[in-house]
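*Asks:* Those protein sequences? They're chains A and B, same order as listed.
With this note's numbering applied, the first sequence corresponds to residues 1 to 220, in that order.
With this note's numbering applied, the second sequence corresponds to residues 1 to 217, in that order.
Calculated directly from the structure, the hints in this document are not laboratory data.
Be a bit skeptical, because a hint or two may be false.
[Claimed, not checked] Each computed DSSO-like pair below joins lysine-lysine, with the alpha-carbon atoms no more than 30 Å apart:
#1 Lys130/A - Lys120/B
#2 Lys3/A - Lys215/A
#3 Lys4/B - Lys147/B
#4 Lys215/A - Lys44/A
#5 Lys44/A - Lys120/B
#6 Lys147/B - Lys120/B
[Said to hold, decoys possible] A few chain A residues that face chain B, going by a derived Cβ cut-off under 7 Å, partial list only:
#7 Met26
#8 Ser75
#9 Leu96
#10 Pro98
#11 Gly100
#12 Ala119
#13 Thr120
#14 Gly121
#15 Val125
#16 Ala167
#17 Leu168
#18 Asn172
#19 Leu176
[What the hints assert, rightly or not] Here are a few chain A residues that face chain B, going by a calculated C-beta distance under 7 Å:
#20 Val28
#21 Ala103
#22 Gly123
#23 Ala170
#24 Arg171
#25 Pro175
Cβ coordinates follow ideal geometry from the N, Cα and C atoms, glycine included.
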Amino acid sequence: MSKTIRAAEAAARIPDGAVLMIGGFMGVGSPHRLIDELVRQGRKGLTVIANDTARPGVAIGKLISARAVCRVIASHIGTNPETQAQMIAGELQVELVPQGTLAERIRAGGFGLGAVVTATGVGTVVAEGKRTIEIDGKTFLLEMPLRADFALVNARQADHIGNLAYALTARNFNPLIAMAADVVIAEPQEIVPVGVIPPDAVMTPSVVVSHIIAKESVHG
Amino acid sequence: MDDKLLIAKRVAQELKPGTLVNLGIGLPTLVASLVPRDAHIFFQSENGIIGMQSIPEHGLEDDDLTDAGGRPISALPGAATFDSAMSFGLIRGGHLDVTVLGGLQVDAQGHLANWMVPGKMVPGMGGAMDLVTGARRVIVAMTHTAKGEHKIVDECTLPLTSARCVDLVVTELAVLRPTPEGMVLQELAPGVTVDLVQAATGTTLIMPAQVPVMALD
Numbered sequence: 001m002s003k004t005i006r007a008a009e010a011a012a013r014i015p016d017g018a019v020l021m022i023g024g025f026m027g028v029g030s031p032h033r034l035i036d037e038l039v040r041q042g043r044k045g046l047t048v049i050a051n052d053t054a055r056p057g058v059a060i061g062k063l064i065s066a067r068a069v070c071r072v073i074a075s076h077i078g079t080n081p082e083t084q085a086q087m088i089a090g091e092l093q094v095e096l097v098p099q100g101t102l103a104e105r106i107r108a109g110g111f112g113l114g115a116v117v118t119a120t121g122v123g124t125v126v127a128e129g130k131r132t133i134e135i136d137g138k139t140f141l142l143e144m145p146l147r148a149d150f151a152l153v154n155a156r157q158a159d160h161i162g163n164l165a166y167a168l169t170a171r172n173f174n175p176l177i178a179m180a181a182d183v184v185i186a187e188p189q190e191i192v193p194v195g196v197i198p199p200d201a202v203m204t205p206s207v208v209v210s211h212i213i214a215k216e217s218v219h220g
Numbered sequence: 001m002d003d004k005l006l007i008a009k010r011v012a013q014e015l016k017p018g019t020l021v022n023l024g025i026g027l028p029t030l031v032a033s034l035v036p037r038d039a040h041i042f043f044q045s046e047n048g049i050i051g052m053q054s055i056p057e058h059g060l061e062d063d064d065l066t067d068a069g070g071r072p073i074s075a076l077p078g079a080a081t082f083d084s085a086m087s088f089g090l091i092r093g094g095h096l097d098v099t100v101l102g103g104l105q106v107d108a109q110g111h112l113a114n115w116m117v118p119g120k121m122v123p124g125m126g127g128a129m130d131l132v133t134g135a136r137r138v139i140v141a142m143t144h145t146a147k148g149e150h151k152i153v154d155e156c157t158l159p160l161t162s163a164r165c166v167d168l169v170v171t172e173l174a175v176l177r178p179t180p181e182g183m184v185l186q187e188l189a190p191g192v193t194v195d196l197v198q199a200a201t202g203t204t205l206i207m208p209a210q211v212p213v214m215a216l217d
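The task is simple: from the sequences and hints, build the whole structure.
*Replies:* Following this line, the structure appears as structure tokens:
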């Protein structure tokens, strides 16, 4: 049974107010067709968990410009003035998380771990309101796992059952978010027959992938 | 010599063959172009690569091969790519020999503030907090002052990047080493006097008997 569906159909399954994890680093390795569909369908009130909000008009930046997002959890918003403007105007809630901590909070959410214990952020504003823990005389922050309703994953290749392989620096957060959401939608650059991706090259196993975005048919 | 080039040249001298180095965006990136190729320094970009080279040859740009600023890079033979958890495992886990970052303020003990100006600029910390907390050696590469205002101060007034103190500060005027007792003036830029550096610094510098001049080509 194939998991392929069209981008429009996949986006239609995502309701207003959903919590999304979106892959990509400055738009590199982001699921562009899914993002375009969410904008086209006028989705509102989304929570986006991602490394950054790219630039206006690029990847997650399109969702910000379309005012589809009410809350962002990210490590960096400095390259998108619209994110900052909406935050200052009180229209967009932004939680800034150190990048390594963000990666590990997502990993913890997907790998069934109760918390992340990290020295990053100790003695800074990031530690405000958080529990600390002493281990061998060193202070660590206790950071909570993150999960989402949907993960929107970009991959270089998918096979028809959903095994995924990623390309170069487009990998970034994609394999992490693919483990941490109830529904995982993969948008591959190409779909290949089962067996074409060697088992050693599969980075996300098919069992966690719910849907694969089909190539748009040129024959209608 | 251009201020930025001078800073980058002096920072490049700190990088030892065979080490893993992460360069921040902007001024530190210039450092990579000044390191001899046969030095076998491995540059990491935190979006997921070791073995990056700053600028791809024309026509060899790849949409899936970029630095942390989203700009096209190329990968040297022997490069490795990985996900963000691995990338920060390298950073936090003690595998990164040196990180070079920009700074807004550094205090006399070496606390760094480089990620926000409350009410003015809130870009987010990106990877900076992990880098300063986790790298074996932290070098700050920055201009000595900002529009006449001191950046090297008794105590940071801006939010800190980490509780961990940095190891070295390189500016267009001097090389400085923060210590628990205060900021030590270690080297002067060519043509710069001790008095000029002190006047441009917001903390009383510790002056060794001899302050050598930076050896730059």
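*Asks:* Against the earlier hints, flag every one the structure doesn't satisfy and list their numbers going up.
*Replies:* Result: no hint breaks.
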